[in-house]
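Please put together the full structure from these sequences, using the hints given.
Spelled out from the first residue to the last, the chains are:
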Amino acid sequence: MNESEFVRNFAAQFEEVDPSVVAMDTNFRDLEEWSSFTALSIIAMVDEVYSLKITGNDIKNAKTVRDLFNLVYEKMK
Amino acid sequence: MTISNPFSLEGKTILVTGASSGIGRAVAIECSRLGGSIVVTGRNKDRLQDTFENLCGHGHKLVAADLTVETEIEEILEVGSEFDGVVHVAGVLNYIPFRYVTEEKLNKAFSVNYFAPVILSQKLFKRNMIKRDASIVFISSLNGVFCSYVASSIYASTKGALNGLVKGMALDLADRHIRVNSVCPGMISTGLIKEGEITEDQLAEDKKKYPLKRYGKPEEVAYAVIYLLSDASTWVTGTNLLIDGGYTLL
Chain A
1 MNESEFVRNF AAQFEEVDPS VVAMDTNFRD LEEWSSFTAL SIIAMVDEVY
51 SLKITGNDIK NAKTVRDLFN LVYEKMK
Chain B
1 MTISNPFSLE GKTILVTGAS SGIGRAVAIE CSRLGGSIVV TGRNKDRLQD
51 TFENLCGHGH KLVAADLTVE TEIEEILEVG SEFDGVVHVA GVLNYIPFRY
101 VTEEKLNKAF SVNYFAPVIL SQKLFKRNMI KRDASIVFIS SLNGVFCSYV
151 ASSIYASTKG ALNGLVKGMA LDLADRHIRV NSVCPGMIST GLIKEGEITE
201 DQLAEDKKKY PLKRYGKPEE VAYAVIYLLS DASTWVTGTN LLIDGGYTLL
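Chains A and B supply the protein sequences, listed in that same order.
Its first residue numbered 1, the first sequence is counted upward by one per residue in the working numbering.
Its first residue numbered 1, the second sequence is counted upward by one per residue in the working numbering.
Hint data in this document are derived by calculation from the structure and do not stem from the laboratory.
Since the model is a prediction, treat every value here as computed from it, not as a measurement.
Some clues are possibly wrong.
Computed from the model, here is a short list of chain A residues facing chain B with C-beta under 7 Å [what the hints assert, rightly or not]: (1) 34; (2) 41; (3) 55; (4) 57; (5) 75.
Every residue gets a Cβ at the ideal spot worked out from N, C-alpha and C, and that includes glycine.
What follows is the structure in structure tokens.
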């Protein structure tokens, strides 16, 4: 797993957001399209791509894309 | 006139699946409080034992079994009871956006929510373990029968399939006076929704969508099940009984 791949997978969950505006330090709740449905999509994406289970609370406790990257990175160890 | 209770389950033997927790546990306990003899089944032995110890009265039985495993279904068939009621509660809930649907996820959900209760019912029926005049109740859902929630296409499909099953079985079993119905609850506060994808904050927000401003309690589903098991509903078959705190009114 590398950072740019994770950012790409993260950005792919949005329909309207331009992927180029999403970076590791993006506070994802500031993205206009962010919703509880996006959170479910992130959980499903992490399951499909990284074969890891993360929870709604994991996402709640994260602020930036980097926080989620670190969470997945730690779980992969 | 003497006092009588058409909702009494005295003299009735009732099989309850998914009885280790949540709705199944409440159904087993409330049915025992109305005089039923209960056979509880579920996967988690310790929690099933706890349900069993909380049943009211005597003569109940416990069978720990995973209903998605054919050899374990056999263990229920070997109990040898003849049932006046069967309540299929065992189920899984998940939230998967449609773009992440896979055959594996579909198989997993259908295996627990649909195939297991169908196969168990068929085997019980074929072995004459379901009495004439018995009542079979499936715990279905609002979701997939009356409406849907986001990221619920898999779960809703399993419950939609149960809707078809209820109607088909009700017709085929009517000549033996066996009634087949479902209870369709909205969100019920159980362990099933307290872990995983949805956060407490999201649940608090979701509760506001219910005109009665809260989720249901497992007992409130159990009371609907009791109605369908009892002689109060002897002319009711093939229906989906909606228990939703008013959710579908809006």
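Outcome of the hint check:
Given the 7 Å rule on beta carbons, the hint for residue 34 (chain A) is violated: about 13 Å separates it from the nearest Cβ of chain B. Satisfaction of the interface hint for residue 41 (chain A) is found here, the shortest Cβ-Cβ separation to chain B being roughly 5 Å, below the 7 Å cut-off. Using the Cβ-Cβ criterion of 7 Å, the hint placing residue 55 (chain A) at the interface with chain B is satisfied: the shortest such distance is roughly 6 Å. The interface hint given for residue 57 (chain A) is met, as the beta carbon of that residue sits about 6 Å from the closest beta carbon of chain B, less than 7 Å.
The beta carbon of residue 75 (chain A) is not positioned within 7 Å of any beta carbon in chain B (closest approach about 15 Å), and the interface hint is therefore violated.
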